[in-house]
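Undergrad: Spelled out from the first residue to the last, the chains are:
There are 2 protein chains.
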Amino acid sequence: MTRLSTVNPDATVLDPQRFIKRERDGSALDIDQINTFLESDPHARDLTHQLVDQLAHDPVIKTDTSTYDLTKTEQREVTVKKIARMALYMEQDVKTVRKHFRDTDLLKSMQDLNDNTTPPLTNKDLSIFDKRLSLVANMDPQLSTRIGVHLGLFGNCIKGNGTDEQIKYWLQTRGALLIKGIYGCFAMTELGHGSNVAQLQTTATYDQESDTFVINTPDLAATKWWIGGAAHSATHTACYARLKVGGKDYGVKTFVVPLRDPSTLQLMPGVTIGDIGAKMGRDGIDNGWIQFRNVVIPREFMLSRFTKVQRNLGGQPTVQIDPQMDQISGYSALLSGRVNMVMDSFRFGSKFATIATRYAVGRQQFSEKPGEPEKQLIDYPLHQYRVLPQIVIPYIISPAAFSLLNYYYSTLDELYAASSKNDKRALLVVGQKLKNLFIDSASLKATNTWLVAQLIDELRQTCGGHGYSGYNAFGKGYNDWVVQCTWEGDNNILSLTSAKSILKKFVDSATKGKYNKELDGRSFRYLDPQFIRKVFTTSSENKLDSLYDYTNIWAVALLKLLRHIAKQVEKTKDLDGASKLLVLVSKFHALYVMLNTYYEKLNSPTDSYVTCPKTKEELWKVYKLFSLYFIDKHAGEFQQFKILSPDQISQVVQPRLLQLLPEIRKECIALTDAFKWPDGMLNAPIGYYDGDIYHNYFNEVLKNNPVEKDGAGIPPYHKLLADMLTRGDEFERLGGANNAEILTKLAK
Amino acid sequence: MTRLSTVNPDATVLDPQRFIKRERDGSALDIDQINTFLESDPHARDLTHQLVDQLAHDPVIKTDTSTYDLTKTEQREVTVKKIARMALYMEQDVKTVRKHFRDTDLLKSMQDLNDNTTPPLTNKDLSIFDKRLSLVANMDPQLSTRIGVHLGLFGNCIKGNGTDEQIKYWLQTRGALLIKGIYGCFAMTELGHGSNVAQLQTTATYDQESDTFVINTPDLAATKWWIGGAAHSATHTACYARLKVGGKDYGVKTFVVPLRDPSTLQLMPGVTIGDIGAKMGRDGIDNGWIQFRNVVIPREFMLSRFTKVQRNLGGQPTVQIDPQMDQISGYSALLSGRVNMVMDSFRFGSKFATIATRYAVGRQQFSEKPGEPEKQLIDYPLHQYRVLPQIVIPYIISPAAFSLLNYYYSTLDELYAASSKNDKRALLVVGQKLKNLFIDSASLKATNTWLVAQLIDELRQTCGGHGYSGYNAFGKGYNDWVVQCTWEGDNNILSLTSAKSILKKFVDSATKGKYNKELDGRSFRYLDPQFIRKVFTTSSENKLDSLYDYTNIWAVALLKLLRHIAKQVEKTKDLDGASKLLVLVSKFHALYVMLNTYYEKLNSPTDSYVTCPKTKEELWKVYKLFSLYFIDKHAGEFQQFKILSPDQISQVVQPRLLQLLPEIRKECIALTDAFKWPDGMLNAPIGYYDGDIYHNYFNEVLKNNPVEKDGAGIPPYHKLLADMLTRGDEFERLGGANNAEILTKLAK
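Protein chains in written order, with UniProt numbering: chain A, 1 to 748; chain B, 1 to 748.
There is no bait here: all hints are sound.
Copies of the same chain are indistinguishable here, so a pair counts whether it falls within one copy or spans any two.
In silico lysine to aspartate or glutamate, EDC-like type, Cα no more than 16 Å apart, as pairs:
1. K676 - D690
2. K168 - D115
3. K433 - E414
4. K543 - D647
No wet-lab data here; the hints were simulated from the structure. In this text the structure is predicted, and so the values were computed from the model without any measurement.
Model the full assembly from the supplied sequences, consistent with the hints where possible.
TA: Take a look at the structure:
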């Protein structure tokens with residue numbers, strides 16, 4: 001309610017709360033079970049709820065609609081306050097994992113270079129904080145990016161390329177992993193090079209006499225660009241630069257370069273930094289550019305697990321490179337970001353699905369007949385088609401996102417173990433796992449960040465004008481989100497590289513029977529030579545009978561698409577010419593992996609946690625809708641590659657799709673309530689839990705734009721307006737010199 | 001060049017200017033002829049160039065990259081300064097049309113209520129200014145909206161619903177059309193109702209004794225919402241309210257309601273106004289909300305061309321409504337906006353096409369072999385597929401946009417003439433024309449605002465990270481643009497209503513032979529009964545042989561789609577159930593109309609203005625690419641409805657599409673240069689004419705973010721960061737109470 005609303009409590013026309021309540025009352029679903037399913041398992045679910053509850057109520061970190069009115073400068077300052085707050089949670093979270101809160105100061109011991117009794121920080125120690133960071137990304141993406149660049153990019157670059165001693169020194173002793181002591185940024189991208197890391201132009205030239213590297217920016221285009229945290233905050237950077245020793249160029253390696261004094265934030269000599277300025281979104285991140293002019297660092301600041309430069313006074317310095325591991329380490333730095341973006345896709349998508357569904361249920365517009373109450377938006381078939389498939393997208397992403405994250409952590413643990421022991425055999429296996437992980441993460445990152453960008457846009461439009469309001473989350477949400485489509489691997493580049501690897505695997509399997517059941521069984525079962533043979537020798541129609549058929553059809557589609565491409569490339573010898581189709585391979589792979597993972601989880605007696613039969617049935621409907629929606633979207637390819645016939649599209653796919661919509665519609669509130677986002681996380685009054693759309697929205701607008709000060713009376717620039725409106729006639733304004741009388745005089 | 005760039009002039013790696021120059025040198029096209037084609041004719045083209053030149057250099061109106069850093073408050077104030085400047089151009093433009101600059105003050109005479117010798121202001125008088133406003137929409141959308149609401153919505157509402165005397169009084173005497181005296185807004189939408197205008201809840205109750213209307217907001221949901229100009233600027237509003245006379249509700253009518261004193265901008269009694277606050281884009285527009293509490297206006301302030309209330313003291317007041325004209329007037333108020341949005345789509349789209357093409361030609365990334373120069377982005381097949389179809393979209397929109405605009409003006413002139421003379425026969429014809437105009441404008445507005453939203457997004461992604469920079473126009477461009485998809489007729493609603501009308505026309509023609517060659521020949525030639533019969537009785541394959549086939553196939557597609565829907569609805573009796581397909585009908589109609597109009601113009605010996613054979617050939621390639629691109633996009637429907645076979649898709653459509661891309665690529669710089677946008681209009685340094693991408697971009701970033709003040713040294717919130725980084729160990733911070741020693745003591 002609001003002081004400014006003259007509400008008639010008897011009004012029957014607009015009472016959105018009533019509709020939302022009715023849906024909840026009528027639901028047959030167990031949303032706790034669904035939530036457990038979506039959050040992976042009971043333990044992970046509980047942790048999510050604890051963290052969300054804490055963050056959404058933390059006095060510094062919580063967000064409200066006033067966020068949408070902050071200027072760039074304000075956003076940046078507020079974000080730093082939040083980082084400092086998150087740093088305190090970090091300490092808490094590490095101690096929670098170790099259950100060590102008393103007697104000795106755990107963190108102090110970790111920072112102590114001479115302490116040999118406290119085990120070093122592991123991924124497990126950071127597991128709670130990583131989850132916290134992933135959740136805060138959903139409330140305030142720029143906050144998580146600012147921290148993520150420091151921990152995820154700067155930190156992982158050191159972890160992936162540094163020696164054990166370097167890792168301990170920079171990340172523990174100096175405090176980086178505790179967001180303390182130093183603050184890192186990740187100086188990879190340059191003005192002239194993004195995707196092509198191998199062509200970066202910044203140089204690190206070894207000077208044997210002083211036993212140092214000299215870092216230089218040789219050209220404007222070599223200016224480090226877009227560097228998150230560089231403009232104001234970073235004290236150190238993980239700098240990608242060409243290693244030059246004795247006149248020879250050894251390619252791009254990584255170096256820790258101090259940028260600023262941590263106590264005053266003053267720049268180091270030779271370092272020039274500027275602010276990148278305004279962005280489409282995430283203005284709270286201080287992206288900057290960096291130029292180096294003869295910046296000198298000790299040799300030991302080069303990260304040298306796989307690349308070592310040795311001083312050799314009196315002779316030539318020596319350079320040792322482990323090429324295999326150097327390449328593997330190249331994969332790993334950006335993997336973390338991609339894996340997390342798949343999780344972000346699930347969470348961010350679910351937020352907007354919740355907002356738009358509540359609005360669609362609460363909002364009425366047009367009645368069937370004059371005098372009848374207006375229909376709820378969600379009861380229009382077109383609206384169902386626009387909203388409901390978007391709800392199911394985060395559902396299908398979730399199991400794949402958790403599975404990918406777990407696989408990433410376990411593979412990374414294997415990598416660190418094998419690489420510490422220098423176990424070549426183990427490294428070989430890990431290397432192959434990393435390659436598969438690269439394919440999956442690239443394809444899932446690209447596909448899902450695109451899907452969620454479309455989801456936000458489509459759902460914003462379903463909220464009409466109110467979706468365009470700054471206070472209903474869509475605008476900022478979209479602007480913050482879409483950078484995920486081009487950063488840390490541009491989606492098109494990622495799609496192409498992952499698809500090219502899949503194509504190679506396909507050819508290897510189809511022509512040489514090469515297939516590693518153990519490794520490829522996780523995401524590439526469609527490449528099993530037996531399956532390939534079956535698909536290409538069976539002439540029977542593809543069906544959508546069993547539940548698994550809804551996954552299997554994508555496996556068939558992938559094979560037919562891959563064969564088409566392979567044949568075409570064989571003829572044209574032009575792989576790039578098939579790019580448009582390769583992007584599709586990456587997308588189909590992601591859809592297949594997600595459906596498959598969802599299918600297996602829901603089917604699993606131990607992992608689904610869904611015992612209520614009605615609930616399980618509903619979750620199968622969700623699964624079917626997702627598959628049908630994308631088959632219909634790709635009906636062109638399904639018909640062209642003869643996966644389904646035109647009649648199957650007309651008589652099976654589309655009718656089933658249209659039949660499912662009104663069924664899913666019945667539980668759409670329960671299905672979105674099951675995401676369990678508190679209002680503070682949604683931060684969009686038209687989507688708050690109570691469904692009191694109009695009062696909530698009006699109140700938030702009013703809170704941020706007080707009526708007396710700003711609206712009524714005299715606005716700040718009223719004189720400009722009044723002067724315009726009351727300007728005199730033109731001839732008078734110009735002193736009358738155009739009047740016939742004067743002109744006659746002038747003519748004389 | 002820039003002081004901060006250490007450029008090596010011999011560098012061979014990155015020299016984007018060279019590539020762009022090479023393209024220009026190698027072009028065989030006559031871009032002046034193309035520009036004339038795109039700008040409709042030589043006269044219109046010259047006017048465009050004059051106005052663009054004037055606006056892009058006007059000291060108040062010109063925009064530069066600093067625009068992207070303005071806060072909401074600054075944007076609003078700057079916009080008012082620009083409005084005041086535009087008001088002076090308005091005076092100039094009216095006098096230019098009348099060639100009246102001397103002897104007597106033309107505008108003063110127009111404002112004089114008693115002057116009977118000066119002819120009233122016509123659409124022709126406003127033609128130059130309308131074009132100016134349309135062009136400025138391309139530089140600064142919020143400026144044109146703020147003026148457009150006043151002239152286009154407030155003004156057209158009065159023109160469409162007022163008597164001749166009311167029109168003259170409000171628009172001339174009071175000065176509104178000269179942006180003087182009063183400033184109008186358009187209070188239609190309410191918090192609870194947008195698309196469903198008939199259900200608006202604001203009331204205007206007639207009080208016979210005082211001979212006035214009392215305007216009231218009965219409920220929170222009846223609050224006028226989103227009203228552009230209401231928050232700060234409007235002195236009057238065209239208010240949509242339910243006419244209540246003697247207890248009877250006559251439905252929604254229009255009233256002029258004063259809101260503020262024009263000399264002080266102070267609110268009138270009973271009027272409460274607030275600011276809507278932050279939006280996704282167009283923050284320079286002061287959208288507001290309005291509540292009325294017993295606001296009294298004289299009876300004569302009701303716009304009463306078609307609805308008249310007569311006082312009848314001692315008896316019941318009488319209400320006279322002309323239902324037919326009342327409905328027609330309903331169409332016309334929003335038509336202007338829609339028609340203009342089609343033109344905006346052409347211009348706005350062409351701007352981003354230019355930026356992205358120059359970047360794609362100048363930017364290099366990855367080389368084929370190590371050591372070779374890196375390839376230009378535009379030479380990758382995938383990049384061609386992403387960029388080039390987007391270039392041709394504005395090409396194909398242009399002829400349809402001009403044709404629609406001209407038809408709109410001529411039909412409106414007919415309407416005013418017929419309605420002034422009360423010529424019932426003429427009104428009947430105009431009414432039918434307006435209905436067709438409604439279908440075309442709705443379908444073209446919806447389709448093209450969607451296409452351009454996708455175009456901006458897709459092209460932003462082709463510029464990678466640099467597309468996400470605030471200074472390269474995409475972010476603000478997208479945010480400003482996408483409101484066009486939901487306002488002044490939500491795209492989905494417009495698509496549905498236009499498609500339902502098309503379906504009705506189809507059924508009338510197919511079953512009853514009803515078809516008006518004269519009226520429907522303009523956009524609905526595919527509904528000619530002879531053509532329908534031909535399509536449904538011929539069994540031969542559809543071909544893409546002749547040039548016209550590329551248009552004709554869409555006519556065929558429309559008929560097959562319409563027949564499918566008609567059959568389905570006949571069976572299900574559920575028109576809404578076919579909504580998903582109806583949206584497609586609207587889109588296909590728009591594509592058909594655009595291709596047809598382009599085809600006719602380019603084919604015309606008098607209207608194409610393209611005499612150079614190579615140029616004409618290129619423009620036919622543009623036409624083919626557009627058609628093929630969208631056939632491929634809709635390959636699902638083309639196969640499902642048996643318009644083309646899977647083999648035709650594989651062997652004709654896709655190969656031709658992929659062959660055309662490298663051909664169009666050869667002239668992509670010329671094709672975008674031909675739009676002739678000056679840098680000041682593009683306002684995106686990666687797309688400036690000279691192609692010096694990196695220097696231009698770096699310079700603009702630096703100009704807006706001075707390196708010394710902001711980047712180097714100590715940022716504003718450095719203390720927050722330093723305090724966090726240098727915080728002590730936790731046990732010390734907490735006073736050591738967790739130490740084993742203390743805890744032992746506490747345990748005693």
